[in-house]
Structure formats: structure tokens, C-alpha cells
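Chains as they are written, first to last, in the numbering used here: chain A, 138 to 255; chain B, 1059 to 1206.
Keep in mind that a hint or two might mislead.
To spell it out: a stretch of chain B is covered by chain A in this simulated footprint if at least three of its residues, at any positions, have a beta carbon under 8 Å from a beta carbon of chain A; those stretches are [claimed, not checked]:
| hint | region |
| --- | --- |
| 1 | 1090-1101 |
| 2 | 1143-1154 |
| 3 | 1169-1175 |
One side of the interface only, derived from the structure: several residues of chain A facing chain B at Cβ under 10 Å [what the hints assert, rightly or not]:
| hint | residue |
| --- | --- |
| 4 | G209 |
| 5 | M229 |
| 6 | V252 |
Quick caveat, the hints were computed from the structure, so don't treat them as lab data.
Model, not experiment: these values are computed from the prediction.
Glycine included, C-beta positions come from ideal geometry on N, C-alpha and C.
Take a look at the letters that make up each chain.
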Amino acid sequence: MESHSILKESQIMKIHYVTGIAAIFVVAVHILMRLIVPFELSLEYDYIISNYKNIFYVLILESILVLVSVHGFNGIRIILLELRQNKAWENMTTIVTISAMIALIAYGTRTIILVNGL
Amino acid sequence: MKEIEQPSRNNLEGLKGWLNPSRYGWERISYWFQRLTGVFLLIYFIGHVYETSTIVNGQNAWESFLELTQTVWGHLFLILVIGACTFHSANGIRLIFTHSGIGLGTPGRPDYPYSPSSLNYRQKSGIWIALILAAAAMYYGFNILFGE
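When you get a sec, could you build the whole thing from the sequences and use the hints?
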């Protein structure tokens, strides 16, 4: 049977590495936002809301959401493919991980949009 | 293209074999940690996305959910997350270099005791650097979370 994968595994690994490296930088900015003020203050409701009103920070949050979701769920897919190899398992793993990734990105984006409008 | 016939799975150890850190030395433990920290961080990330979504329901909902996490156990869990995140990042960078052929050394004649040249001191020190950075980040996190 012909393989109908859109991307080769080598291309998917490159995406995995690029999303991993990019995630390190955006997560570092996210952590710095918690450290430029005293930690307790950084978790206060008004401070968090003001973060979500800052368009630069919103872009950082959305980037974290997309990069970590793609990297994380692809990592799970890789682990599951290491455990078992056949066409049905591979297809099922790909569908489940991509669906979970889309669901998490959609849920997180919903939070960002709603809080930005508060 | 003809599909390859699937062999019997009787010879596979499955999850038990995957979780076995012995037999292969430090590189195997690094492989194991990379996957365990990855799964742990994804579970944390999903929880974190859910936790932050409570802010949509207003200040009371946010503060009552925050009370659940701002405890000694919550802080200890966060310190574990910091350590896992630092190890996964540093070891991940080592793996990217390794996958690109950097730090593998040159092929040599296999002589007794047949140590593979790819598992050289650069690779081993990379694993140690990742572990030391994780410990340092956990110490820093401990001071931030418990130092006030």
C-alpha cells in the first residue's frame, strides 16, 4: 500500500527541533514576566489581566501555546511509534495527537481572546 | 509499493522494555529522562492551560484556584517542573547537535574494549551539563518560591 504521509519523518523531526528551540525563547520571556515583579504580585488578578492587554505579551502567549502543543504532542507521537509499528497504529496515533493538539490550542486561544476582552 | 509484512510481536518488551534504564549506560538514562520529562511537561502544560483559563470566570474563581496551587506541595511540584524543563531543554539541544553529527567524533577501528566512538566524553559531558543546569535551576526556583 502506498504511504500517503504529507510530510516525511525527517521533515517532522526538523519541525520538532525548531519548535523546541523557539519554545525555549518564548517560555524564557514568559518566566521573566513572572520575575520582573515579586512572585506573589505576578500572580495577582489585576497584574495578569494587564499582561493579557499587552499585545506583545499576547503574541508571546499564543506562540507558547502553539509551539509547546506542536512539540509536545509530536513528542508523544514519537514515543508511541517507538512502542509499536504498523500502519493502523501509526494512523491512529497521528490522528489522536493532531486532534488533541488542535483542541488544546483552541482552548488556550479562547482564554487569551476572552481575557483580552475583559 | 508492497507493504512490509508485520512480524510477530513476541520478541518485543513493550513499555517494560522502554522503561528499563539498565543495560545501556548513561545514554540510555538520558534517553529515558528525555521522554519522561517530556511527558511530564506536556501533562503540566495541559494543566497550566486549564488553570489559567479560570481567570475568564473572574477574580474570585482565579483566586480560589490559585489557593490550590500556592501551597508547599504546589511549590515543590513547580520546582520539579523547573528541573524537568531545564533538563529537557539542555539535553534536547545536545540531541539536536548529535542528530546533526556534531560531537560524535570520527569513526575509528573497533579495538578492545570496543567503546563506541559516538558515545564519547562530549556526549557524556553534555548529559552531565544538562543535569547540573537542572539542579541549578531547581535551586534558583526554590529560592524564589520559598525565599520570601
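List of violated hint numbers, smallest to largest: When the structure is compared with the hints, numbers 3, 5 turn out to be violated.
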